[in-house]
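Numbering follows this note's numbering, in which position 87 of the sequence shown is assigned residue number 89; successive positions increment by one, without gaps.
Note that these hints are calculated values from the structure, not bench results. Given the structure is predicted, the values throughout are model-derived calculations rather than measurements. Ideal Cβ positions, reconstructed from N, Cα and C, are used throughout, including at glycine. Just so you know, not all the hints are guaranteed correct.
Unchecked claim - Per label pair, the in silico range of CB-to-CB distance:
# : residue 1 : residue 2 : range
1 : 28        : 73        : 13 to 23 Å
2 : 54        : 14        : 38 to 48 Å
3 : 96        : 28        : 29 to 39 Å
4 : 22        : 105       : 50 to 60 Å
5 : 22        : 100       : 41 to 51 Å
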Amino acid sequence: MVEKPEQFDLPPGSPFQGGHHRYGVSWGHQYHCVRMMRDEFFAQLHNRSTLVGMEVDLNKEEYTTEEIRLIHLAHCYDYLRQVILCHMDMTIEYPTGNSVAKGTISGYEVPHQCVKR
3 MVEKPEQFDL PPGSPFQGGH HRYGVSWGHQ YHCVRMMRDE FFAQLHNRST LVGMEVDLNK
63 EEYTTEEIRL IHLAHCYDYL RQVILCHMDM TIEYPTGNSV AKGTISGYEV PHQCVKR
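Sequences are here, hints too, so could you generate the full structure?
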């Protein structure tokens with residue numbers, strides 16, 4: 003919570019009680035999206051997903067809980083795509099023997115370079 007966001011050159015956040023403004027940090031948003039995508043992947047894998055085959059009319063005024071989940075999931079895919087494009091790691095990867103198929107590149111056991119901030 004931030005009481006006076008203008009002191010930190012921040013735009014207004016989500017209004018919160020007591021005149022505070024609520025903000026989030028990117029890593030939390032990114033983790034939330036990865037977790038949501040993982041949960042849906044395993045739901046589909048075990049035939050428990052309620053989203054398979056669903057289509058959503060984005061011009062409606064109200065949505066069902068499942069439609070909101072699908073819209074949210076689509077947002078997460080696009081959001082993480084943008085994050086990856088913004089923070090691409092230029093490490094050269096090679097087969098390490100830790101892949102599903104021999105000679106393929108998994109990215110495991112290859113030292114990567116994290117961006118220093």
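Each hint, compared with the structure:
One distance hint, 13 to 23 Å for the beta-carbon pair residue 28 and residue 73, holds here, with the actual separation near 20 Å. A hinted range of 38 to 48 Å holds for the C-beta pair residue 54 and residue 14, which are about 39 Å apart. Judged by the Cβ atoms, the range 29 to 39 Å given for residue 96 and residue 28 holds: they are separated by roughly 30 Å. At roughly 55 Å, the beta carbons of residue 22 and residue 105 sit within the given window of 50 to 60 Å.
Checked against the given bound of 41 to 51 Å, the beta carbons of residue 22 and residue 100, roughly 47 Å apart, stay inside it.
In terms of the numbered hints stated before, the structure departs from none.
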